[in-house]
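So you can see what is in the structure, the chains are spelled out below.
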Amino acid sequence: MNWEVVIGLETHVQLTTASKIFSGSSTAFGAAPNTQASVVDLAMPGALPVMNKGAAERAVKFGLAIGANINRRSIFARKNYFYPDLPKGYQISQFETPIVQGGGLTITLDDGSTKFIELTRAHLEEDAGKSVHEQFDHESGVDLNRAGTPLLEIVTEPVMRSGKEAIAYAKALHNLVRYLDICDGNMQEGSFRCDVNVSVRPMGQKEFGTRREIKNLNSFKFMQQAIDYEVRWQIEQIEDGKKIVQATVLFNPDTGETRAMRTKEDAMDYRYFPDPDLPPLVIDDAMFDRIKASMPELPESKCARYMNEFKLSEYDARLLSQDRATSEFFETAVNAKADPKLVANWMLGELSASLNREEKTIEQSPIRPSQLAKLVIRVADGTLNNKKAKELLDHLWTAPPIAATFNMTLPAPTFGLAATVAPRQTEETDIDDVIEAKGLKQISDVGAIEKIVDEVLAKSSAQIADYKSGKEKALMSIVGMVMKASAGKANPAQVNELVKKKLS
Amino acid sequence: MSLSAQDIERIAHLARIRVSPDEVAQVQAKLEGIFKLIDDMQSVNTQGVEPMSHGLDMVLRLRDDAVTEVNQREKFQSNAPAAADGYFLVPKVIE
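The listed protein sequences derive, respectively, from chains A and B.
For the first sequence, our numbering gives the first residue as 1, with consecutive numbering after it.
For the second sequence, our numbering gives the first residue as 1, with consecutive numbering after it.
I should point out that these hints are in silico values taken from the structure, not numbers from a laboratory.
It is possible that part of the hints are untrue.
[Stated by the list, open to error] Simulated coverage check for chain A against chain B, where a stretch passes if three residues somewhere in it have a Cβ under 8 Å from a Cβ of chain B:
1. 14-24
2. 30-38
3. 313-321
[As the list claims (entries may be wrong)] Label-pair restraints from in silico Cβ distances:
4. B/A25 / A/Q188: 41 to 47 Å
5. B/G55 / A/S294: 32 to 38 Å
6. B/S43 / A/R72: 29 to 35 Å
[To be verified] Keeping only pairs whose Cα atoms sit at most 30 Å apart, straight-line, the calculated DSSO-like set for lysine-lysine is:
7. A/K79 / B/K30
8. B/K36 / A/K53
9. A/K88 / A/K130
10. A/K292 / B/K75
11. A/K130 / B/K92
12. B/K75 / A/K130
13. B/K75 / A/K88
14. A/K215 / B/K92
Everything numeric in this text was worked out from a predicted model, so none of it was measured.
Where a beta carbon is used, it is the ideal one built from N, C-alpha and C, also for glycine.
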């Protein structure tokens, strides 16, 4: 039988506010236990929550980016359950009227096809604390530093039909929240946590199968493994005549298996009700307009602009616009007056290869955008041929004249091409110095090239004969020898032309 | 709305309130009284009235995003039943 996979995702996105959603405690990661927990976070009697404007702004920003309906009046509710890391006995969340409803985002799959993933909602809530079970023999330890950290829970409709689609969605969402600068995207630290609802059904069946929810996925790789395992497991169960029981399961990265944590039979009844401590959250026109005006240019429109303004291919434009750091690197180099197409070629070619080889992200690139711009300018003006430019890049990579790496403290990108980082004189000079010092300059002087060509031709009677008898390849071989004789510095186009002329 | 003894046990469990078997009938009667009150309110004609989520007609006050709290862990843990290495200690929670 053919089976269809049905997947929906719930993602907890930790917002980048400095303070918590309902208290003035810091949200910084990694502090000593309970040093960032105030009376509100500890649920001391009489302590009341006061909402953080920054959290509301980030939620609205997200809603605008995905074309959702922003509920200008949304309601906080209490989700009641008991656990030691939840001192109030309830989590403040949103239930019936979340701040963001609907909208969606477009994912691109490996084969280049696209699919629109509808979102159900995104709501604001507070995170719980953390329990540690290993550190003490007979007790569990509770750290409430994380309690009250603002989260945006983003929920999709069950519209994904394969693990690949789910991963593509998770990655697209991950990119988007970082583009918007509402989440740092750090999965290891739990800033971006995905829960995946998986079910299977016979192909063509209308009703959904019973779903199981996979939790504890802190990388895209684990997400893929967990979904693959879960799908296989569910199909086997059903084919063995067993029923799927609705459950929450944990993925074990060591075994690559998923295992039920709790079944829905003892499912909790959260008894949601509007929180009497918090009147409705209202986004007034002034606030709404201000957020709207502050929206950065998003990948889709950036991509279109790169194609229009810089005449890049759709493929290149997409690669350069899909994450914020890459697009900022590209635009900084282009603003330094480098040819956009050449910058694109070098970024997606040599630079990207070097980054991949050393498993570095673009933020960690030892080559700064202004340096790449200068290199590209020197290629365009004929100072460097491609071979020598590559040597220059390798040299800059290992011994950058400026020790600093490209850092991401650029101003928020704007819709136009505002200068992000001005080219620094020292770096430009340094690059020209390096070209000079390393003797990388291309020889374009006809006299000098002609001299080398003559020398080579004098020793190449066999190749000349081959060429004259119609073997085109012989020409390449002669050009190669000339290039070699010039230590790679001759202008290849000129050499080609000269050799041809001399042999005609 | 009438509640069964089972409903009472379930509600008590969810709220983590211990209700002994001989208290069930009493709690049941009280809760039914509350549900009766709700039924009475439900019978009021609210057509054309916008639903409210809060008793007061006001909106949420927002504060600027700034860290205003300092570490007061020692003070907060001084009256905790148990604490060690900066953690609050609770009976072992078996996952």
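Against the structure, the hints come out as follows:
no.	hint	verdict
1	14-24	holds (count 5)
2	30-38	holds (count 7)
3	313-321	violated (count 0)
4	B/A25 / A/Q188: 41 to 47 Å	violated, 54 Å
5	B/G55 / A/S294: 32 to 38 Å	holds, 35 Å
6	B/S43 / A/R72: 29 to 35 Å	holds, 32 Å
7	A/K79 / B/K30	holds, 24 Å
8	B/K36 / A/K53	violated, 40 Å
9	A/K88 / A/K130	holds, 14 Å
10	A/K292 / B/K75	violated, 43 Å
11	A/K130 / B/K92	holds, 14 Å
12	B/K75 / A/K130	holds, 20 Å
13	B/K75 / A/K88	holds, 19 Å
14	A/K215 / B/K92	holds, 22 Å
Of the hints listed earlier, those the structure fails to meet are numbers 3, 4, 8 and 10, in rising order.
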